[in-house]
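Colleague: Take the sequence shown: its letter number 33 is residue 33 in our numbering, and every next letter is one higher.
Since the hints were made in silico from the structure, they are not lab data. For clarity, every value in this text was computed on a predicted model and none was experimentally measured. Heads up, a few of these hints could be off.
To be verified - What follows is a list of derived Cβ distance ranges for each label pair: (1) V20 with P141: 38 to 48 Å; (2) Y34 with K77: 31 to 41 Å; (3) K11 with K77: 33 to 43 Å; (4) T59 with K158: 44 to 54 Å; (5) S127 with D156: 41 to 51 Å; (6) A155 with S19: 15 to 25 Å.
Claimed, not checked - Quick list of in silico lysine-lysine cross-link-like pairs, DSS-like style, CA-CA up to 25 Å: (7) K128 with K99; (8) K128 with K170; (9) K115 with K128; (10) K61 with K128; (11) K99 with K158; (12) K158 with K120; (13) K99 with K131; (14) K158 with K49; (15) K115 with K11; (16) K61 with K113; (17) K170 with K77; (18) K158 with K77; (19) K170 with K11; (20) K99 with K77; (21) K128 with K166; (22) K128 with K77; (23) K170 with K131; (24) K99 with K170; (25) K115 with K77; (26) K120 with K49; (27) K61 with K11; (28) K61 with K158; (29) K77 with K131; (30) K120 with K166; (31) K49 with K111.
Beta carbons are placed, not taken as given, at the ideal position from N, Cα and C, and that holds for glycine.
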Amino acid sequence: MIAKSSRSSCKFFAISQVSVPMLLEMHTIFNNYYENADLDTFILDMSKKSGVFVLKDLTNKRIVGFSTWTEMPITYKGEQAIGVFSGDTIVEEAYWGNKAMHTAFALQAVKTKLKNRGAKVFWLLISKGYKTFLLMTNNVPVHYPSINPDNQRNADLKEVVDTYCKALFKAVLLDRSNLHHNA
Numbered sequence: 001m002i003a004k005s006s007r008s009s010c011k012f013f014a015i016s017q018v019s020v021p022m023l024l025e026m027h028t029i030f031n032n033y034y035e036n037a038d039l040d041t042f043i044l045d046m047s048k049k050s051g052v053f054v055l056k057d058l059t060n061k062r063i064v065g066f067s068t069w070t071e072m073p074i075t076y077k078g079e080q081a082i083g084v085f086s087g088d089t090i091v092e093e094a095y096w097g098n099k100a101m102h103t104a105f106a107l108q109a110v111k112t113k114l115k116n117r118g119a120k121v122f123w124l125l126i127s128k129g130y131k132t133f134l135l136m137t138n139n140v141p142v143h144y145p146s147i148n149p150d151n152q153r154n155a156d157l158k159e160v161v162d163t164y165c166k167a168l169f170k171a172v173l174l175d176r177s178n179l180h181h182n183a
């Protein structure tokens, strides 16, 4: 339900444009929805992002949600491409259903495509719930994986997902590798 009597807007900020007060306000929201969300880890994770969408209630001038954006070069079928990863997305419950963040995300995706003419742009989405998965399946007709296991028409995108995850989560993979060697 969208908060009554409030107007909201969402704007993309490059990570270098995020002020300390903005960061602290976003951490407060994050901390309200996740346990053990210490500030140091939050700042370290945020520093690895390319940018963040900030959803603001214009009536009371406060941040009510955010979503992170990481953009990185990847290779697809031997050609340069762009991988976009939208990470943490937290929106206060009173603002669920608000479309301002969707609009800002779409605008940023178009800007990324225009900035990288000729290159394919891929969106990597980690979904922990059906609503997020539906967001992708309803708005992005060419996606992988498909809920229908018989649908292999987009199976070539598995390579993109694997490549992107190896690059994005390299540190995690290295840590796991060290665990196996030390065991």
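Colleague: Please go over all the hints and tell whether each is borne out by the structure.
Modeller: We went through each hint and held it up to the structure:
Against the hinted window of 38 to 48 Å, the Cβ-Cβ separation of V20 and P141 comes to about 41 Å, which satisfies the hint. A hinted range of 31 to 41 Å holds for the C-beta pair Y34 and K77, which are about 38 Å apart. Look at K11 against K77: about 35 Å separates their beta carbons, and that is inside 33 to 43 Å. Between T59 and K158 the Cβ separation comes to about 45 Å, which falls inside the hinted range of 44 to 54 Å.
Range check, S127 to D156: Cβ separation about 20 Å, and the 41 to 51 Å hint is violated. Distance hint check for A155 and S19: the Cβ-Cβ separation is about 44 Å, which falls outside the suggested range of 15 to 25 Å. As the CA atoms of K128 and K99 are separated by approximately 20 Å, the hinted pair is consistent with the 25 Å bound. Using a Cα cut-off of 25 Å, the hinted pair K128 and K170 holds, with the two alpha carbons roughly 21 Å apart.
This hinted pair does not check out: K115 and K128 have alpha carbons roughly 30 Å apart, beyond 25 Å. A hinted pair counts as satisfied when its Cα atoms are at most 25 Å apart, and K61 with K128 does not qualify at roughly 30 Å. Distance hint between K99 and K158 is unfulfilled; the C-alpha atoms sit about 29 Å from each other, more than 25 Å. For the proposed pair K158 and K120, the alpha carbon gap of about 15 Å is at most 25 Å, so the pair holds.
Straight-line distance between C-alpha atoms of K99 and K131 comes to about 14 Å, which keeps the hinted pair within the 25 Å bound. Straight-line distance between C-alpha atoms of K158 and K49 comes to about 23 Å, which keeps the hinted pair within the 25 Å bound. Of the supplied pair hints, the one linking K115 and K11 holds, its CA atoms being roughly 18 Å apart against a limit of 25 Å. Restraint check: the Cα-Cα separation between K61 and K113 comes to about 31 Å, which exceeds 25 Å; the hinted pair is violated.
For the hint pairing K170 with K77, the CA-to-CA distance comes to about 21 Å; that is within 25 Å, so the pair holds. This hinted pair checks out: K158 and K77 have alpha carbons roughly 12 Å apart, not beyond 25 Å. Simply put, K170 and K11 have alpha-carbon atoms about 29 Å apart, too far for the 25 Å limit, and the pair is violated. With a C-alpha separation of about 34 Å, the suggested pair K99 and K77 falls outside the 25 Å cut-off, and the hint is violated.
In summary, the hint linking K128 to K166 is supported, as the alpha carbons are separated by about 20 Å, within the 25 Å threshold. The hinted pair formed by K128 and K77 fails the criterion: a straight-line CA distance of about 29 Å is larger than 25 Å. Note on K170 and K131: the hinted pairing is violated, with a Cα-Cα distance of about 28 Å set against a maximum of 25 Å. Under the criterion of a C-alpha separation no larger than 25 Å, the hint pairing K99 with K170 is inconsistent with the structure, at around 33 Å.
Restraint check for K115 and K77: the C-alpha separation of about 21 Å stays at or below 25 Å, so the hint holds. Of the pairs offered as hints, the one joining K120 and K49 holds, with about 20 Å between alpha carbons and a cut-off of 25 Å not exceeded. At most 25 Å may separate the alpha-carbon atoms for a hinted pair to count; K61 and K11 meet this at roughly 13 Å. Taken as a hint, the K61 and K158 pair is broken in the structure, with Cα atoms around 42 Å apart against an allowance of 25 Å.
About 31 Å separates the Cα atoms of K77 and K131, which puts this hinted pair outside 25 Å; it is violated. The straight-line distance between the Cα atoms of K120 and K166 is roughly 19 Å, inside the 25 Å bound, and the hint therefore holds. Distance check on the hinted pair: K49 and K111 sit about 17 Å apart at the alpha-carbon level, within 25 Å; holds.
Checked against the numbered hints given earlier, the structure breaks hints 5, 6, 9, 10, 11, 16, 19, 20, 22, 23, 24, 28 and 29 and satisfies all the rest.
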